[in-house]
Amino acid sequence: MAIHVTEQLRTFLLSILLGLGAGVLYDLLRAVRLRHPRLTAPLDLLYCQAVGLAVFLFVLRQSDGQLRGFILLGGLGGGVLFFFLLSRPLRPVWDFWMDRWMELFQFLSLPGRFCAAVCKKFAFQAKTLFYFLRKYATIHIEGVWKPLRKGGMSHGKARQTRKKEKIR
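Residues 129 to 296 in this note's numbering are what the sequence shown spells out, letter by letter.
Check each hint, because a few of them may be wrong.
Label pairs and their computed distance ranges (CB to CB) [what the hints assert, rightly or not]: (1) Arg241 to Phe212: 39 to 45 Å; (2) Asp172 to Leu257: 47 to 53 Å; (3) Cys247 to Leu200: 49 to 55 Å; (4) Trp229 to Ala169: 17 to 23 Å; (5) Leu238 to Val133: 51 to 57 Å; (6) Phe252 to Leu174: 35 to 41 Å; (7) Ala169 to Gly197: 26 to 32 Å; (8) Leu173 to Leu204: 18 to 24 Å; (9) Leu167 to Arg228: 14 to 20 Å; (10) Val152 to Gly193: 24 to 30 Å; (11) Ala182 to Phe252: 46 to 52 Å; (12) Leu238 to Gln136: 50 to 56 Å.
It is worth saying that the hints were derived from the structure and are not from the lab.
Positions of the beta carbon are idealized from the N, C-alpha and C atoms, including for glycine.
Make the full structure from the sequences, and use the hints.
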């Protein structure tokens, strides 16, 4: 007994698989969003672009660029099927792998963090050296009058103490 599958039924079944794939991608990105809420908008944009491109290429390849209703229904049905049947059981798997990826990222970023700490110490030492050289390596020319301060009269306590010194 041979099963004869029409082209439309085959395209419908493939669109269900496309919807399942979109659900898996959404679930993976949800694991990242739960750990890093600041990435919600960029990841949503990435998801929309990826699924939009996948649907575009699927329609272009399977139905010669003709968008048909059963393709959209199959994709939507595949996504709903994933979220009702597989999303909850797979969430601990995604969390486990996300934790492993974060540990790997932290391990691989150790040299970069070490270099950043060393550069920060070098910058602090260079700043200290610059202040030292500015203070002790300045050329003073004798006989050239240089005002002590710019602007008008001094304000505050320094002015009041000078007045008291003049009175005594």
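Hints versus structure:
1. Arg241 to Phe212: 39 to 45 Å: Holds, since Arg241 and Phe212 (Cβ atoms, about 43 Å apart) stay within the stated range.
2. Asp172 to Leu257: 47 to 53 Å: Given a distance of about 48 Å, which is inside 47 to 53 Å, the answer is holds.
3. Cys247 to Leu200: 49 to 55 Å: For Cys247 and Leu200 the Cβ distance comes to about 53 Å; the hint holds.
4. Trp229 to Ala169: 17 to 23 Å: 21 Å Cβ-Cβ, so the 17 to 23 Å window holds.
5. Leu238 to Val133: 51 to 57 Å: 54 Å, holds
6. Phe252 to Leu174: 35 to 41 Å: Cβ of Phe252 to Cβ of Leu174: about 39 Å, so the range 35 to 41 Å holds.
7. Ala169 to Gly197: 26 to 32 Å: 31 Å, holds
8. Leu173 to Leu204: 18 to 24 Å: Distance hint for Leu173, Leu204 holds at roughly 21 Å.
9. Leu167 to Arg228: 14 to 20 Å: 18 Å, holds
10. Val152 to Gly193: 24 to 30 Å: Roughly 26 Å apart at Cβ, these two residues keep to the hinted range, so it holds.
11. Ala182 to Phe252: 46 to 52 Å: At 50 Å between Cβs, range holds.
12. Leu238 to Gln136: 50 to 56 Å: Since the Cβ atoms of Leu238 and Gln136 sit about 55 Å apart, the hinted range of 50 to 56 Å holds.
Violated hints for the displayed structure: none, as all numbered hints are satisfied.
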